[in-house]
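Trainee: Sequence:
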Amino acid sequence: MTDPSPSFFKRVSLAFGSFFSTLSNPGYAARVQDLREHGDLAAAPAPAPVAKPAVKPTPVPVAKPAPAHVPLAPLKEASPDAALQLLALLQREARLIDFTQENLSEYTDAEVGGAARVVHEGCVRVLREHFTLAPVRPEAEDSRITLPAGFDARAVRLTGNVVGQAPFQGVLSHRGWRATEVRLPKLADGHDASVLAQAEVEL
Numbered sequence: 003m004t005d006p007s008p009s010f011f012k013r014v015s016l017a018f019g020s021f022f023s024t025l026s027n028p029g030y031a032a033r034v035q036d037l038r039e040h041g042d043l044a045a046a047p048a049p050a051p052v053a054k055p056a057v058k059p060t061p062v063p064v065a066k067p068a069p070a071h072v073p074l075a076p077l078k079e080a081s082p083d084a085a086l087q088l089l090a091l092l093q094r095e096a097r098l099i100d101f102t103q104e105n106l107s108e109y110t111d112a113e114v115g116g117a118a119r120v121v122h123e124g125c126v127r128v129l130r131e132h133f134t135l136a137p138v139r140p141e142a143e144d145s146r147i148t149l150p151a152g153f154d155a156r157a158v159r160l161t162g163n164v165v166g167q168a169p170f171q172g173v174l175s176h177r178g179w180r181a182t183e184v185r186l187p188k189l190a191d192g193h194d195a196s197v198l199a200q201a202e203v204e205l
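In the numbering used here, the protein residues as written are 3 to 205.
Treat the hints as calculated values from the structure; they're not laboratory data.
Note that the Cβ used here is the ideal one computed from N, Cα and C, for glycine as well.
Accuracy of the hints is not assured; some may be wrong.
[To be verified] With a Cα cut of at most 25 Å, we get these calculated DMTMM-like pairs of lysine to aspartate or glutamate:
#1 K188 x E113
#2 K188 x E141
#3 K78 x E202
#4 K188 x D36
#5 K188 x D83
#6 K188 x E123
#7 K78 x E183
#8 K188 x E202
#9 K78 x D191
#10 K188 x D111
[As the list claims (entries may be wrong)] Okay, the calculated beta carbon distance ranges per label pair:
#11 D83 x T110: 37 to 43 Å
#12 P169 x A199: 32 to 38 Å
#13 V138 x H193: 44 to 50 Å
#14 G162 x K78: 29 to 35 Å
#15 V197 x G162: 40 to 46 Å
Please model the entire structure based on the sequences and the hints provided.
Mentor: This is the structure in structure tokens:
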């Protein structure tokens, strides 16, 4: 049973405890206020406990998986023999290497034009004999065409103001060329393909 007349020191201790409890505990402060207003602390109903707002747990950032490394396709090493073979054919039929190694500034336009005609005719013979050629695009040049989404960018090169994504509409400035068949002669064992034209010695 509580002492109805606490001593002075008991009251001092009770006052300090009530002071700090009133500051820190809203429920206790409400009961003290009710006691001051009604004069009967026991009769006053205890206030409902104030529910503290639930603290949402801080979401832990989930690291995104690193994109799978896509290995680049290995580059194919081209054999130089076929290129050297073609150069040798162009030299033999069209004297192409001789023509490109000349200093044309020493010749008149008429002389250069005459030599260019010989080179042109020889190049035509080599291409017709060893290659079958076809245009990449069947449309006539200077005609308007539409390139749909997914067009073969390896066969068609966009020029000019390239903005946005396919489909693209533009003018076909060049039809392109594609080799549909190659007929280079076979090389004999021991053949030195780097010799494009043999040196000639007149006896």
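Trainee: Determine for every hint whether it applies to the structure shown.
Mentor: Here is how each hint holds up against the structure:
no.	hint	in the structure
1	K188 x E113	violated (36 Å)
2	K188 x E141	violated (36 Å)
3	K78 x E202	violated (37 Å)
4	K188 x D36	violated (113 Å)
5	K188 x D83	holds (10 Å)
6	K188 x E123	holds (24 Å)
7	K78 x E183	holds (20 Å)
8	K188 x E202	holds (24 Å)
9	K78 x D191	holds (24 Å)
10	K188 x D111	violated (39 Å)
11	D83 x T110: 37 to 43 Å	holds (39 Å)
12	P169 x A199: 32 to 38 Å	violated (49 Å)
13	V138 x H193: 44 to 50 Å	violated (33 Å)
14	G162 x K78: 29 to 35 Å	holds (31 Å)
15	V197 x G162: 40 to 46 Å	holds (44 Å)
Hints 1, 2, 3, 4, 10, 12 and 13, counting from the list given before, are not met by this structure.
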